[in-house]
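Asker: Here the protein sequences come in this chain order: A and B.
Residues 1 to 1001 in the numbering used here are what the first sequence lists, from first letter to last.
Residues 1002 to 1092 in the numbering used here are what the second sequence lists, from first letter to last.
Don't take every hint at face value.
A short, non-exhaustive set of chain A residues, derived as facing chain B with CB atoms under 10 Å [claimed, not checked]:
{"id": "1", "residue": "Arg284"}
{"id": "2", "residue": "Lys287"}
{"id": "3", "residue": "Asp710"}
{"id": "4", "residue": "Glu744"}
{"id": "5", "residue": "Tyr746"}
{"id": "6", "residue": "Thr749"}
{"id": "7", "residue": "Glu750"}
{"id": "8", "residue": "Ser886"}
{"id": "9", "residue": "Tyr899"}
Straight-line Cα separation of at most 20 Å, PhoX-like style, residue types lysine-lysine; simulated pairs [claimed, not checked]:
{"id": "10", "chain 1": "A", "residue 1": "Lys997", "chain 2": "A", "residue 2": "Lys861"}
{"id": "11", "chain 1": "A", "residue 1": "Lys286", "chain 2": "A", "residue 2": "Lys580"}
{"id": "12", "chain 1": "A", "residue 1": "Lys742", "chain 2": "B", "residue 2": "Lys1088"}
{"id": "13", "chain 1": "A", "residue 1": "Lys895", "chain 2": "B", "residue 2": "Lys1030"}
{"id": "14", "chain 1": "A", "residue 1": "Lys887", "chain 2": "B", "residue 2": "Lys1030"}
{"id": "15", "chain 1": "B", "residue 1": "Lys1084", "chain 2": "A", "residue 2": "Lys742"}
{"id": "16", "chain 1": "A", "residue 1": "Lys439", "chain 2": "B", "residue 2": "Lys1066"}
{"id": "17", "chain 1": "A", "residue 1": "Lys287", "chain 2": "B", "residue 2": "Lys1080"}
{"id": "18", "chain 1": "B", "residue 1": "Lys1066", "chain 2": "B", "residue 2": "Lys1051"}
{"id": "19", "chain 1": "A", "residue 1": "Lys742", "chain 2": "B", "residue 2": "Lys1019"}
{"id": "20", "chain 1": "A", "residue 1": "Lys742", "chain 2": "B", "residue 2": "Lys1080"}
{"id": "21", "chain 1": "A", "residue 1": "Lys889", "chain 2": "B", "residue 2": "Lys1019"}
{"id": "22", "chain 1": "B", "residue 1": "Lys1080", "chain 2": "A", "residue 2": "Lys286"}
{"id": "23", "chain 1": "B", "residue 1": "Lys1088", "chain 2": "A", "residue 2": "Lys888"}
Simulated from the structure, these hints should not be mistaken for laboratory data.
C-beta: ideal position from N, C-alpha, C; glycine also.
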Amino acid sequence: MSNNLRFKTSKFIDETYRVSFKFNNKTYFGFKGDTLASALLANGIHLVGRSFKYHRPRGIMTSGSEEPNAIIQLHDNSSRTEPNVRATEVEIYEGLVASSQNCWPSVNFDIGGINNLLSPILPAGFYYKTFMWPASFWEKYEYFIRKSAGLGKSPKVVDPDIYEHNYIHCDVLVIGAGISGIMAAKMAAKNGFKTLLVDEKSYLGGSSIYDNSEFSKINNQLTSSWLEKEINEISKLENLEIKIRTSVAAYHGYNFLLARESLTDHLPINQRDNKVRHRLLKIRAKKVITATGSIERPLIFDNNDRPGILLSSAIKKYIDLYGVACGENNVLFTNNDTAYETAMSLIQRGIRINAIIDNREQVDSKICYEVEKNNIKIYKGFSVVDTYGYRRINKISIMKLSKDGQTVIGDKTKLTCDCLGLSGGWTPAVHLFTQSGGKLKFREEDQVFIPDVYPSDQISIGSCNGDFGLNEIIKNTLSSLKKFLNIDNSEYKTLEIISGLNQSKRNIWLLPSDKTIGKTKSFVDYQNDATSKDIKLALREGFRSIEHVKRYTTTGMGTDQGKLGNMHALGIISETAGTKMGEHGTTTFRPPYTPLTFGTIVGRNVGEFFDVFRRTPIHDWHVKNSAEFENVGQWKRAWYYPKENENMYQAVQRESKAARDSAGILDASTLGKIDIQGTDASEFLNRVYTNAWSKLAVGKCRYGLMLNEDGMVYDDGVTTRLGENHYIMTTTTGGAANVLGKLEDYLQTEWPELDVYLSSVTDHYATISVCGPNSKKIVSKVIPDLDYSDEKFPHMSFKNAKIGNIKCRVMRISFTGEQSYEINIQANFGKSVWEKCMDAGKDFNITPYGTETMHLLRAEKGFIIVGQDTDATLTPIDLQMDWIVSKKKYDFIGKRSLYRSDTIREDRKQLVGLLTENPEEVLEEGAQIVSDVKKSPIEMLGHVTSSYYSPNLKKSIALGVVKSGKNLLGQKLIIPMENKNINVIVADPVFFDKEGKRLNA
Amino acid sequence: MFLINCPFCGEREQSEFKAGGEAHIVRPKQPTELSDDEWAEYLFMRKNIKGVQFERWNHIHGCRKWFNMARDTSNDQIKAVYKMGEKPPVK
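Pulled out of the complex, with its shape left as it was, chain B reads as follows (with noise of 0.2 Å):
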């Protein structure tokens, strides 16, 4: 069970935590202007990458706040936690 360094509350249980899929997918600002294939990749199209991968997470039990972590799937190493709408500190 992970050991999840919120950034706004700091380390607790993996129990307190929803994962909430892939970070960084941005929802598009004018939906109406896109083709359905291009409306497709952003409702439906996720990566599942052996490797560190970027998801985003919700303190659900805690401050409720979401936030992105960066992941090594392969073993489960957490890279880096940081808030909304910032850059990952890791690649």
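Here chain A stands alone, though its shape is the one from the complex (with noise of 0.2 Å):
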């Protein structure tokens, strides 16, 4: 390989500062300003992947964001590496390392290569349709199918990089920073309005920066020194702010964006310790100006695929701006006048070009006969039918097209070359269009999608909006702009332009070959190894729509989503399908348009951060006595207990033994809190429990059960009347930001006439309740100032109290069946309150116990958790709660649904207790419940919702819903388990003291 690969004339690379970087464990050269792709092409390297299905040996194909080929993975450590990185956007640093991917044991000498050979047997669909038998095969075909399919490979350990996202409002948005985008930009600021200019390169300018072509000028200067000048001044304007190296992810409905803005990639490694690698920008635009340019298209024909096989219009950027030639032995193969710019810029540099394939006859611009002149042989209507060489491209065969374009004749002729430049028209880069909500219309005459209807505040502006010829991009970006921003003044005094380039083409989806289809590997998407003959062979089977031939040969479904590909797969649909182009619309672009790393997307919400939780004031108790956590909604209560080497199960028989027999205390601060006052507080009660409110004195408190509007339990809790017009309702822990959305949305709806206020105050208490036998003896140590007689402090009853100076609030309730008091209190003396009580419980084995164990308490008594024995499908009744549901009340939320037809069946679904006939043999939560395990299909009556080990009963206990359970009092039921079937009698959910006598023990 000769070494005159790099032109050392490019501004754009600093030919003083070298840079090594490894890519497949071997050092090499580039400059600063080279991408990976520009510094391996310097180095003679094309073949840099394998393909994903056949493990075709792949080079690089595009100079950007489009790249489906030349997809690498970055970084050898665990921590930083990244798959599927484009390396025509890596900028390269001192230091870098980079490999191949999808290949073993290398890039040069890859066994998956087989699959080449294999490819007659290993059509579209080949998955679905060979390993669907045998059906329970399918986790042994999985394991074999997933080692090999995947890219590149994720990082194992922690990502060490910092990400964060940040707000941006402005009046104008550009997108892109090509010769219209900075138009754009400087009309904008110069006009006042607050801009922003996002590129997704690393420099301004778009193509048109490198463009020295004689054949496109603008007022008598080179384009690229005419835009040279703009850049200069729109960088010293206030009202613009230019971000580089800022790619918009995502366009939303009201102009809301998305766009990743990358700071450390392109420094070595040691520079970017302590810094943001990437910023994810949530925009909120008044206006936006898409100028996302276009991206060249590919020809589709035999073997398009091989390394040295590029876009022209990447051949172009690697000379003008990377001084890179691609080959030494160039032919362009095209379709319209693109090429002859590349042509041009070859020609200036001296680099050969053995022929230009043009699949026209006619060939009439100035470009073009300068060309010409150059002795450049110029296949008029030839068409490309083959190209030959494994690792690298070596020679093509050329063919002369038919009139009418759908077949070649006459004699093969064989050229040789190491570098094929690809040109067949442009396709506008409407993704962010289209993702916003705006409807394309396709324009015949050169075969594009073009947007048509906006959505929004928004304007499409040069060759993403349709416009080629620089004439035409910069007289239609001035007139749309003048409109657009309504302004008079361009900010351009009158532009001369001109442009040696014609726009004709000869548009040919899938060019002719001389073999039959079946033996022809014509690939539309490259990432994803689909061919024009998978496309045909879907179409073949009966796809039609699409969407549906997309998902069957997965076109366009790579990490590029088809960027190069798709308008040909679309083309050669229609063309076999016969029907017309712009019927079958695109298929959806979907964000984000390129990909996102993870870290962009979770900026700081990681370690933790990534789910806030919240902490009870006493938390901190809980975790110095080992306590084990649940997460209850957004809460981490204590779960249990472990003394030593108790388990769960160990701890929470002790927990619950000692909660019983002398005293236990649990943090309840979690328990929703609402402060309801008013003139109507009763009133309004009334009607969002079932019960009755009215007749509660001030100091009582009462158990409410709420529902939803269809009859169904939502929530339940204790309230408690503090005044005559002031209420606290407690809620369920993850219920209550709900239940005060609910009971807003009632108050501001349905009865605004109602004078009642509500506060949340959950987070202003901490709630210590302290339960058992001698509960009211550790109580009294800790508030010795209260009469604690059962006439003066009777069970459902509240004092207003002080522990030293700071009031509280003792409710005397309870959840475990046991005589409780439960102290509320500021938040910030919960803890010390807590403590107090410890202490003042010491003599009386005060046992502190978690969720775990106040489940089992209350299991034991039956009552109800909302969301563990209930699931929005149980009226109160289902629940054989019938005593709390009002009947004298007129109305209150979801009592006409507890009439409904359905809501009155008698064989609903209801709440039963159910005793094991082993009382050693504890159910499984979740587990169905049945009568009859002989009978197929064994019918399913319900499940279990609750299940323990009472210690106090010393016997397993549970808690289930079952059809007509009710009128099963005292039959056997079935639970069948995988290997035996257990027997349990229906019983009275309510296991412990029926009576309630200990509640004033």
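Assemble the dimeric complex from its two separately framed chains, guided by the hints.
Answerer: Spelled out as structure tokens, the structure:
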């Protein structure tokens, strides 16, 4: 390989700054300003990876984010390694390490290449068709398929980099800093709009910034020189913020966009510490100007995927921007004038062009004549029919196209080359426009989809709007912007534009071959190895919708989302099906435009901020006393407190016993608390709870059940009347926010006439519940100034009290069935009061217990837990809680639904107690309940909702919901398990102290 | 993502709001006097149309007020926002 591939004339490359990097374990050199792709090409390397399915050798195909082939694994350490990175976008830095993907043992010799030989038996849908039978074998197939699937390797340890999110509000967002984007940014900023200009590349100016052609000039200056001055001018504008290396990923409704700003990826690793790597910009723009340009189309013919085959525009960019020649013996294959610009760039540098193959019979623009003048052979009306060379293209064969372009005729001519440039015309990059909800129209004359109906205040300009000639771009950009920004002055004096290109094109989606289609491999989607043959097969098999063809063939489903080949797939479908191209529409363009890292998406929400949780004021004590925690809603609740080597079962048994034998203490601070005030507070509670509230005396507490309007149980809790017009409601821990929302909803929308005010005070109070036969003795030590007699302080009442100088509320309420006192005190005193209680309870073996013991104790009493024993399909009647439903009240939420035809059915699932025949056998929660295991199919009657071993009853107890359960009392049912059937007897759900004697003991 | 003009706070991100279903469905004043069918009509039946739809929204991470919105479901254009109890200003 010759070393003459680098032309040291590019002003974008800093030749004084040599950069070394490793690719596939070998060290190479490039210069500052190179991408990994340009540096590899300068070293004569085209082969960088293997294709997904057939493991065919693949080379660098493009020079930007549309790259399908040159996707590599970046970094070799396990924390920063990143798969599927486009070599064309990676800016090289000292110490960069990259390697090929999807090949073993090496990219040059890849065992998986056998798939290429097997390709006749690997058509589209191969996996679907082959691995269907027998179905039970899938698990075995899956192991091997998964192993061979996928491209790169994901990192295995924590990402060391920092990411963040940032909101931006601007008047005008300009996406893309090509020639039209630069003009738009200048016009907007100079007219007083606060403007943001973003571009995914590391430089401004798009492809015009290296356009040094004599055939496209502005005001008699080279386009690049004119644009450089413009960029210089806008960089001084105060109203304009410019962000490079910023790729817009998503364009949502109401001009809300997401962009990824890359801040450190171009720096050597040792300069990245403590810097933000990527920033996700959440942009809300009043107006959006999309100037995302266009992507050159490849041409579809047999073996169009060999290393050394590039887009012609990429070849031009590698020469003009990076000073790198992609080959020494070039051939260009085109259906339009673009390739002639590439030819001129090659000619200027003295790089050899063996031939230009042009689909068109007539080639008559100025630039074509100029190329011809340089003694370059142009094969007009010809097509490439095949290519040769395994790891790098070395020959092509060409044939004459028939008049209609459907067949090839005459003799086959072979030409040698080491680089083939393809130009199939241009596809406007309308991805963002369609993501925003924009509707496209199809322009017949040059077969492109262009923006038609805008869904928000936005506009597309430049080649993403289908304007391809320099003249057209500038003229249309200026006139559209004047209208869009509503300004008179365009900021531009008369612009004289010379453009030597014509827009003529001979579009043939699938070029004809001398072989039958079954014998060809014409790649439409390079990354997913989808060929024209696959698309035709899909149509033969009856797929018609473009979305179905896409999924069946996987066309457009790679990490590049088919930026190159989607249009050809559409074209081949319409040609084969005999329909019009515009009728099919396109597949849906979905965000992100280019892949985002997970880091960018999660930003700072990592580690302890990944999912924030709430701690009670007593949390630290629980931690210190080795509590295990349970997540309840957002809360961390103490679950149980294991002593020494206790497991959960042992701890819970001990805690449960202690609470009933002497005293237990529970942190109930997580219960939702809503402060309710107003002259209509009682009436309001009447309407939201099933029971009556008007007659509740001040100082008393009452349990309430809240339904949905459909009659199903929604939440429960104790509400206390603190004053004539003042209540405090408690809700379940998980339901607090929703209950408040629901109450506010009714107050604001249905009953605005009620004088009621709601405030959430959940976080304001710590709630400490002391229960058990000795609870009174303990609480009276902590709060001595209260009369604890049953007459003065009976069950279901409350007292205002003080601990030292601090006011608190003491409720005598119980969820365990034991006498208990609940101390509510301002949150910051919670921990010290808890410690006081522990101290006071020392002599009584006061035992802290967690949620698991709480659940066990209440199950002994048959108290429900909303969300565990209920699931939004149970009415209070189903729960055997008829006693709490007021018959007298005219209305409450859900009342009418309690006697709908469905809710009065006798055979609804109803809550019952379950006792196992063997009292030592504990049921599994969630287990199915049946009555007959012999009849198939077995009828499912219900399921177990709560199940424990009760240390106080010394037997297994359970709650469950069973069809017609109320009528089955005393009957035997069966719980079928994997290896046995467990017999249970339906029982009353209250297992312990049915008379409630212990509450007043 | 919508930009919603809360009638109490002004323009805010959609992420501050919660959608609350179809608007202008009034809870019957005397539910006990309704037949099962009439009650079911109130309880279950909701429109899901292509075109301008009237919806309830709640500024849940803001002023927590409920209000109404007229939104064209075919293109997500918000035609109007208006307070509870007010008549829709658009058709």
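Asker: Which earlier hints turn out false for this structure, listed by number in ascending order?
Answerer: 2, 8, 11, 12, 16, 18, 20, 21, 23
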